[in-house]
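Asks: Chains as they are written, first to last, in this note's numbering: chain A, 7 to 373; chain B, 7 to 373.
Some clues are possibly wrong.
In this list, chains with the same sequence are indistinguishable; a pair is considered to hold if it fits within one copy or across any two.
Stated by the list, open to error - 25 Å max Cα-Cα, derived PhoX-like pairs, lysine-lysine:
no. : residue 1 : residue 2
1   : Lys13     : Lys78
2   : Lys289    : Lys135
3   : Lys281    : Lys122
4   : Lys152    : Lys124
5   : Lys289    : Lys30
6   : Lys122    : Lys78
7   : Lys78     : Lys30
8   : Lys30     : Lys152
9   : Lys30     : Lys133
10  : Lys270    : Lys170
Just so you know, the hints here were simulated from the structure itself, not pulled from any lab data.
There are 2 protein chains.
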Amino acid sequence: MKFSCYKSDLTEALTFVIRAVAVKPMTPILAGIYLKAEGSMLEVQANNFSTGIITRIPVNTEEAGETVVSGKRFQEFVRNMPDDTLTISEEENLLSIDSGGAHAELLTMNAPDFPKVKTPETDRSFKIKTTVLRDLIRRTVFSVAKDESRPVFTGCCFEVHGDKISLVATNTHRLALAGAKLNDVYDDYTFVVPAETLRGLMMRIDPKDVENYVTINFSTRYLTFTFDNVFVNSRLIEGMFPPYDRVIPSSSTTRVKVKTAEFKEAVEFVSLMSKETEYNTVKFIFADAGVEISSNSPEIGGAVKNVEARISGEELEISFNVDYIVDVVRVIDTEETIIELNDRYSPAKFTEPDNDDYIYIATPVRT
Amino acid sequence: MKFSCYKSDLTEALTFVIRAVAVKPMTPILAGIYLKAEGSMLEVQANNFSTGIITRIPVNTEEAGETVVSGKRFQEFVRNMPDDTLTISEEENLLSIDSGGAHAELLTMNAPDFPKVKTPETDRSFKIKTTVLRDLIRRTVFSVAKDESRPVFTGCCFEVHGDKISLVATNTHRLALAGAKLNDVYDDYTFVVPAETLRGLMMRIDPKDVENYVTINFSTRYLTFTFDNVFVNSRLIEGMFPPYDRVIPSSSTTRVKVKTAEFKEAVEFVSLMSKETEYNTVKFIFADAGVEISSNSPEIGGAVKNVEARISGEELEISFNVDYIVDVVRVIDTEETIIELNDRYSPAKFTEPDNDDYIYIATPVRT
C-alpha cells in the first residue's frame, strides 16, 4: 500500500473516526483504524461494535492495499507532520508516514482481522437535511440521562410521522423535544439512538452546508447515517420511551418573556455561587417587571442578579438545578425566551416565541 | 470599608497574589486574601509562610477599612462581574461586590487574625533590571529538581560577585547557568530562592518594561523583591550548592552548530515516539553535515528526522532524555545553538554563539 494525501483531509477524517475506536479495547485490533487505499480514495474505518464509522478522503494511490494501525498514535503523528502533504506506505508490517523530511513508522495489525463496519439489510429509510438533523440533535441531546440505570434514557428517541420528525431526550427530571418538517411523507417509525453516536455526528456536520441531505436507514437493531463520504453505523437502544406527552403542561398560571442573552448571562453569574451549594440550586422570583435570580450558601455568601421580564399571571418563587436552566438557554435560538409556570412544585416549560417546534421541560427542586 | 475600582486592576492583582494563598491551608484564614482600602490605594496580601505577596492597586476609597475573604471565591466573582468597574464594601462580616446590577456577597474573616507579610530587617540589598531578572529566571528555573529529597536543588542559586550576577539551577542530571551584568558593584552574596517564588515573579514582570528595576533585600532566612506596587517576601532555602564548575566540560571532541528553530521542531517531532518509550529517550547521530534525531520502540514503531548542522571533530552517537533537550532549545534566544560533546557517556554543553552568559549541561542516557 502506498498513497499520498493532504494532511488536513486525513486529520479531519481521523478526528471524526477516532470516536468509534474503543476506549478500552477488548483486543488490540479494536484500538486500530482500518485503512484501504484504492484509486483516488482512501477508506478509513473504526468500529467499537456500538458505533462504526466509515469515511473516505481523496488520495493519490500508487499501490492499492489495506492495513490496520493504532488509531491514537496514527492520529498524533499525522497531526504533527511538518508538511501539508503526506506520503504513507506499508511494507512488512510497518506503516511509514513521510512528510517534509520527517519519518515515522508504526507497527501494523492484520487487516483481515478487523471487524469491518456492516450495512444493515433494510428497505426502511428516510432523508433529512444534515443541518436540520444537526439542530435537532443539538437542542435535545444534552437532556439524556448520564447514568445507565435505564439505558433507553441515554439516547434520543427519533419519531417519524408523515412528513414530520421529532427528537426527544429526557432523564425523567427534564425533557427536550425538537421537531422539524421532512420533504417527503413516510410511515411511522420510532427508534432510540445512543447520545454518543449523535454527538459525533453533530460534530461532523457543517452548519453552513444547508443544501446537503443525510439518508437514515434502519432495522430493528441498527441504523446508518449516510452523507457525503461518511457512513455511520450505530446500534439502536432497545426499549421504548414512556408516553411523554403527559409531562408537558397544557396550561400555566404564570407566563414570562425574557431576553435570552441577558437571562443566560445572569443565570451563569449566579451559578458561580450555586455550584458551591449541595444541590447546585438557583432561586427564581418572578414578580413585577422582572426576575430575581439568586443563590445562597450559609457558609459562603450569596449572589443575585435581576433581569427585566414581561410577566403575566401569578407571581412565583421557584428553584431549579442551575444546569437545567443554563443548558436550555444555550440552545434557544430566538432573542426572547418564553417560560410558563404553574406553582413551585410543577415543571416549567421553555419555548421560543412563535415556534411550536421546540419545547423544554424542567422539574423544579423542592426547597 | 467601601471602595470602587477597575475590574481589570483587581483581577490582575488577584491573579498574582493568589499564588501565595496556601493550597492546603492549615487554618481557614490562610485560604484568605487580606484587603486594606485607604485613600487612593487598595493593598492586597496573601501569605503561605513560604511566600508572602503584597500588591497595591488604585481605588476610590469611600470608607477606609480592612478585611479578609476567601481568595479563590473572591477571584472568581471579581472575574465574572458584568461591568468594567466594581464597588466593594464590607458590613457585618459580609463583603459585597456590586457591578452592573450583579450582586455577590462573601462571608469575611477577622482581619487582625491574618498573618501579615513582614519586611526582613536587613541592609544587604542590590538592584537589577526587572527584565534582566526575568530572563535569568526563565533560562534556568526549568532545571530545578522536582523531588524534594534534596531541598537545595528545588531552588535557583543566586550568586552576586562585584558587578556580576548569575543564577544556577540543577537537578544533578542537568544544569542551567545564566549570568548578567549589574549597574553597581556589590559584595559577594549567595542564596537559594524557591523555584515557585521565582515562577510567580517571572509572570508578574512585563518583558517590555525594560527601564524598570527591582530591589532585592535579603537576610539569612528571607528575601524580598520590591518593584512598582509589588512586594514579594520569600523564605530562602537552607544549604549550599556544591561547586558546579567541575561539571562544566572545559573541552570537547565534537562541536556542532544547528539552526535553533529547526532543531527544536525536529526534537519535538521525535518526542511523539520517545514519550511512548520507557525512559523517554531520543538518539542523536552527529555525522557528516547533519544530525539524525530518532527514537524507536520495538512494540510501537519509530520516528526520525534529519537536521542540517555544521559539525567539526569526531562523529558521535548519543542519547538523551528528550525533555532535557526540548527544555533548553525553548530558551535559547539566538538563531543558532552550539552543542559541544565528548563521548556518549559525557555531558553535552549547550551555548549561544558569541555569548558567555548562558551555559546548559545535559547528562546523556546510557543505552
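Asks: All hints are to be evaluated individually against the structure, with a verdict given for each.
Replies: Here's how the hints hold up against the structure:
no.	hint	in the structure
1	Lys13 <-> Lys78	within (16 Å within a copy, 43 Å between copies)
2	Lys289 <-> Lys135	neither (40 Å within a copy, 53 Å between copies)
3	Lys281 <-> Lys122	neither (45 Å within a copy, 31 Å between copies)
4	Lys152 <-> Lys124	neither (28 Å within a copy, 51 Å between copies)
5	Lys289 <-> Lys30	neither (42 Å within a copy, 32 Å between copies)
6	Lys122 <-> Lys78	within (18 Å within a copy, 51 Å between copies)
7	Lys78 <-> Lys30	within (12 Å within a copy, 37 Å between copies)
8	Lys30 <-> Lys152	within (19 Å within a copy, 32 Å between copies)
9	Lys30 <-> Lys133	neither (34 Å within a copy, 57 Å between copies)
10	Lys270 <-> Lys170	neither (30 Å within a copy, 57 Å between copies)
The earlier numbered hints that this structure contradicts are 2, 3, 4, 5, 9 and 10.
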